[in-house]
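In order, the protein sequence lines correspond to chains A and B.
Just remember that this note's numbering sits 162 ahead of the position in the first sequence, which is counted from 1.
Just remember that this note's numbering sits 162 ahead of the position in the second sequence, which is counted from 1.
These aren't lab readings, by the way, just hints derived from the structure by calculation.
Check the hints yourself; a few may be wrong.
As the list claims (entries may be wrong) - Example chain B residues on the side facing chain A (calculated, C-beta under 8 Å, incomplete):
| # | residue |
| --- | --- |
| 1 | 192 |
| 2 | 193 |
| 3 | 197 |
| 4 | 243 |
| 5 | 247 |
| 6 | 264 |
| 7 | 265 |
| 8 | 267 |
| 9 | 309 |
| 10 | 409 |
| 11 | 443 |
| 12 | 445 |
| 13 | 594 |
| 14 | 610 |
| 15 | 611 |
A virtual CB, placed ideally from N, CA and C, is assigned to each residue, including glycine.
2 protein chains.
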Amino acid sequence: MIRRLLSTTMTKKAKAQDFILKTPKGTKDWADKDMIIRESIFNKLSTIFKKHGGVTIDTPVFELREILTGKYGEDSKLIYNLEDQGGELCSLRYDLTVPFARFVACNSVSTIKRYHIAKVYRRDQPAMTKGRMREFYQCDFDIAGNYDLMVPDSEILNILCEGLVGLNITDFKVKLNHRKILDGIFEACGVPESDIRKVSSAIDKLDKLPWEAVKKEILEKGQSEEVADKIWTFVQHSGSIREIIDILRKSDGLDNKSAQEGISEMEVLADYVEAFEIQDYLKFDLSLARGLDYYTGLIYEAVTSASAPPKNASELKSKAAEKKTEKKNKQKKDGAVAGEEAQVEEEEEEDASEYVGVGSIAAGGRYDNLVGMFANNKSIPCVGISFGVERLFSIIKQKVDLSKLNSQHTDVYVMAFGGGEGWNGFLKERMQITNRLWKAGINAEYLYKNKANIRKQFDGAEKSGAKIAVILGKEEFPEGKLRIKVLGQGEENEGELVPVDDLIPVVKKELAKISVDDVTASLNNL
Amino acid sequence: MIRRLLSTTMTKKAKAQDFILKTPKGTKDWADKDMIIRESIFNKLSTIFKKHGGVTIDTPVFELREILTGKYGEDSKLIYNLEDQGGELCSLRYDLTVPFARFVACNSVSTIKRYHIAKVYRRDQPAMTKGRMREFYQCDFDIAGNYDLMVPDSEILNILCEGLVGLNITDFKVKLNHRKILDGIFEACGVPESDIRKVSSAIDKLDKLPWEAVKKEILEKGQSEEVADKIWTFVQHSGSIREIIDILRKSDGLDNKSAQEGISEMEVLADYVEAFEIQDYLKFDLSLARGLDYYTGLIYEAVTSASAPPKNASELKSKAAEKKTEKKNKQKKDGAVAGEEAQVEEEEEEDASEYVGVGSIAAGGRYDNLVGMFANNKSIPCVGISFGVERLFSIIKQKVDLSKLNSQHTDVYVMAFGGGEGWNGFLKERMQITNRLWKAGINAEYLYKNKANIRKQFDGAEKSGAKIAVILGKEEFPEGKLRIKVLGQGEENEGELVPVDDLIPVVKKELAKISVDDVTASLNNL
Chain A
163 MIRRLLSTTM TKKAKAQDFI LKTPKGTKDW ADKDMIIRES IFNKLSTIFK KHGGVTIDTP
223 VFELREILTG KYGEDSKLIY NLEDQGGELC SLRYDLTVPF ARFVACNSVS TIKRYHIAKV
283 YRRDQPAMTK GRMREFYQCD FDIAGNYDLM VPDSEILNIL CEGLVGLNIT DFKVKLNHRK
343 ILDGIFEACG VPESDIRKVS SAIDKLDKLP WEAVKKEILE KGQSEEVADK IWTFVQHSGS
403 IREIIDILRK SDGLDNKSAQ EGISEMEVLA DYVEAFEIQD YLKFDLSLAR GLDYYTGLIY
463 EAVTSASAPP KNASELKSKA AEKKTEKKNK QKKDGAVAGE EAQVEEEEEE DASEYVGVGS
523 IAAGGRYDNL VGMFANNKSI PCVGISFGVE RLFSIIKQKV DLSKLNSQHT DVYVMAFGGG
583 EGWNGFLKER MQITNRLWKA GINAEYLYKN KANIRKQFDG AEKSGAKIAV ILGKEEFPEG
643 KLRIKVLGQG EENEGELVPV DDLIPVVKKE LAKISVDDVT ASLNNL
Chain B
163 MIRRLLSTTM TKKAKAQDFI LKTPKGTKDW ADKDMIIRES IFNKLSTIFK KHGGVTIDTP
223 VFELREILTG KYGEDSKLIY NLEDQGGELC SLRYDLTVPF ARFVACNSVS TIKRYHIAKV
283 YRRDQPAMTK GRMREFYQCD FDIAGNYDLM VPDSEILNIL CEGLVGLNIT DFKVKLNHRK
343 ILDGIFEACG VPESDIRKVS SAIDKLDKLP WEAVKKEILE KGQSEEVADK IWTFVQHSGS
403 IREIIDILRK SDGLDNKSAQ EGISEMEVLA DYVEAFEIQD YLKFDLSLAR GLDYYTGLIY
463 EAVTSASAPP KNASELKSKA AEKKTEKKNK QKKDGAVAGE EAQVEEEEEE DASEYVGVGS
523 IAAGGRYDNL VGMFANNKSI PCVGISFGVE RLFSIIKQKV DLSKLNSQHT DVYVMAFGGG
583 EGWNGFLKER MQITNRLWKA GINAEYLYKN KANIRKQFDG AEKSGAKIAV ILGKEEFPEG
643 KLRIKVLGQG EENEGELVPV DDLIPVVKKE LAKISVDDVT ASLNNL
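Only chain A is shown next, with the shape it has when bound in the complex (with noise of 0.2 Å):
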């Protein structure tokens, strides 16, 4: 057993039992300062998901095996499954998607708005630095319901660009494509309907591959090099939607239905985000792909500096990725069904992980036919994203000045000054007086020690981040007066004596006064 474990991270080795102290691989304790620039992320995407009027739901973390079997493909087997320990067989689930579209039939919803912030869980191999993990967090906001064409389609690109730019992240595009103008292509390209998820696979590795490499990805996928030659005139494009419309009305071959449909959408698609003034944030890319097969329409990912690989690693990169290329040529066979709105691009890295960046930190698209397999009476058209916060917070962690931030909440800290014969510490009468603090909904800490000396009680005071300290001086309290300290302004300020009944007033004038400070700031900045 103790070899077993002596292969992963070990943070503390317990003595007292023969197994490693830790968490499970590719999982980890969330804490102090990580904890409250996740839960600034959290809040940001929050406001802005009830902004749009979404409703939170909540979802068991497993479901039963069957609901999540043939949703993911190839990548099934990186489920986590529940011991049979007798009942029914369930397993983690992999996404929020497939869990949202079983709630929608379960319950015969026929539309919503929802979002979920919750884990997700998958046996991938972890590369914690890059935000990879094995249990991670997932965003997602999704529209459910039978609506006009593209309409709730252009909000969900209009919230991408609000969470983005509310979590002060500004340098990023959102890459478009549709997957019935990319089925068009290759139909007139010349590609069997047979291996149009296969090529589209290819394709979509034209953000970290050059030509040369996914050209032979294709011929390798059976194609003659004229149809190789003929895809890359379509999807070496990409530019502003009316550009590429543009672009694609002009060529030739393109009249079939498909494409001419997803065009027609795109269109009509172009319009909206202008309304919403956010088309400069967006690029047609028709190399976008997406892994997964379920997707009907529109689709979308956000990709920022970070996103992309370090420049001096594009050597490594490329022999990784063709290394990958072979691998995933052998794993992709039947390529995954549905259930994946935002992978966020996360099997993609599997064997470049070193040499790449975070990846995509959002993506999603319309997927029409997955609540249908669960309810096959009534299929409910959806279109979603899914916001990746472990790269988000990877990201942001870099830019937030970690040394203002203070995961505890408290203003005010309760001392007592005193020594000497007779000096009890004042505990009962700071209890009392930290008590009626928090009567008043004040944040308020005081020492848990009878007497408590002035160094220990100011190291609380200053863990605590407290702003102002309420003193109980050894003569001044049982003459009923508090000295009311604002922290942080030298030694020399020794604060104003107040009457104890005057405390509350007093603490309160204080508080606001002390303007929006470091801390705050620099959570607003987030």
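Got chain A sorted already, so can you dock chain B onto it with the hints?
Coordinates of chain B only, in the frame set by chain A:
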């Protein structure tokens, strides 16, 4: 497969597949109004935890199996294991206390006040109407660190009272006892040390069984009639802390070290709870023993009228409890060892569950040796409280006017009025106006249709809970004017016609005017 699943509740049978579409047994989806109530409970409690200097942490939902091993005694059979798919063996967490102790030991924490609101997992027999689930929330606050006697303990009791009062539950009592006193009583009555835990677990049933039944169990556990009767002279007492201390001080034969230490500690506590003015909520109850073994000092549990069994079921209850006692006698050979800070009596109700109330709504105690089980070189004393969210939820839900809750947070609904020749529905224009509201931080929605009829837009507004409608009139809007109408004031109110550029200030003014409404008031009264 169908046969296996048919035995459990089904929500809907999906014909497309050979299994029932549902959540796993003992789990549920949280949505809509239940979600509002639950979030409101979480907010209330976490605000209080922060007020006391608490910081939150998040641990993985599963732990290495060895971490949980040997912590829950007989109840270990209720632990959910993950399937062995290669690599480490893991299990879902059973409570938040053992993961907390692991966290403290793992990260060499010497002092922390932490709160943790998260799901835990037990393969118990579900009783959903009573709030007993296989996946359920616990809401824990614990203080770890070497502090002066009873100082953190009294603050935990203060938090317990503040939490329940904050949730508008005021008809509660917190039963208190001290493990050292209980052990001292057993010693004084002649119970051999090796029998103390099993006699203790019999005594713990005095809240559900008459003395005769408990006495019978004590005799069955090998004690003499004389010993049992002597125990009764002690454990029948309950009252204020000072009253019971007085009785104990005057009792014959209670001069052993354990009892005397416990009594001294309770004397210190009496002082502190008076400083916090919570003494009236407390009841020193010498029959309180709490299920698990790892408590080392003060123990407590909060009960309300809903905790008690229905009156007319007393006979059934008594029979069922006797049956339970027999079963327990067989089961409880070893007794549990540790980790169960706030079982909230789950397993105690196992057989009698149909006849008893929801049980205790919060519980906890001091456990000074649990961290030391993980880090044997350093033991960190801890004391904590766990609120049973599902039980609080079922009490609170009965009090709330559900009709006044809306899970959406929408304030403004943007509509277009028009029709006839050349009417295009103002979709893009509605998007633009809604976007202006969003950018000003206002929660707003509109109907996702090109041409939306008036009825459907008002239905949408009502469903969204919007307080204000912003109306784009076919004639008015092209003239640069919008109509702003406060909703719910009847048909005759035509609203105010304002220039488009005044949209934000006018909407903000109107929203500010709408005073704290019923919905908010209802939630504030939770």
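Status of each hint after checking the structure:
Checking residue 192 of chain B against chain A: minimum C-beta separation of about 4 Å stays under 8 Å; hint holds. Using the Cβ-Cβ criterion of 8 Å, the hint placing residue 193 of chain B at the interface with chain A is satisfied: the shortest such distance is roughly 4 Å. Below 8 Å, beta-carbon pairs count as interface contacts, and residue 197 of chain B has one with chain A at about 6 Å; its hint therefore holds. With a least beta-carbon distance of about 4 Å to chain A, the hint placing residue 243 of chain B at the interface is held under the 8 Å criterion.
About 6 Å separates the beta-carbon of residue 247 of chain B from the nearest beta-carbon of chain A, less than 8 Å, and the hint is met. With 8 Å as the threshold, the beta carbon of residue 264 of chain B comes within range of chain A, its nearest partner Cβ sitting at about 7 Å, so the hint holds. This hint holds: residue 265 of chain B has a C-beta 6 Å from the nearest C-beta of chain A, less than the 8 Å allowed. Interface hint status for residue 267 of chain B: upheld, as the beta-carbon distance to the closest one in chain A is roughly 6 Å, under 8 Å.
For residue 309 of chain B, the interface hint holds, since its Cβ comes within 8 Å of a Cβ in chain A; the closest pair sits about 4 Å apart. Using the Cβ-Cβ criterion of 8 Å, the hint placing residue 409 of chain B at the interface with chain A is not satisfied: the shortest such distance is roughly 25 Å. The closest approach between the C-beta of residue 443 of chain B and any C-beta of chain A is roughly 14 Å, which is over the 8 Å cut-off, so the hint fails. Residue-level restraint check for residue 445 of chain B is violated (minimum Cβ-Cβ distance to chain A is 21 Å; threshold 8 Å).
Proximity of residue 594 of chain B to chain A holds as hinted, the smallest CB-CB distance being about 5 Å (cut-off 8 Å). Restraint check, residue 610 of chain B versus chain A: the minimum CB separation of about 4 Å is within 8 Å; hint holds. Given the 8 Å rule on beta carbons, the hint for residue 611 of chain B holds: about 5 Å separates it from the nearest Cβ of chain A.
Comparing the model with each numbered hint stated earlier shows that hints 10, 11 and 12 do not hold.
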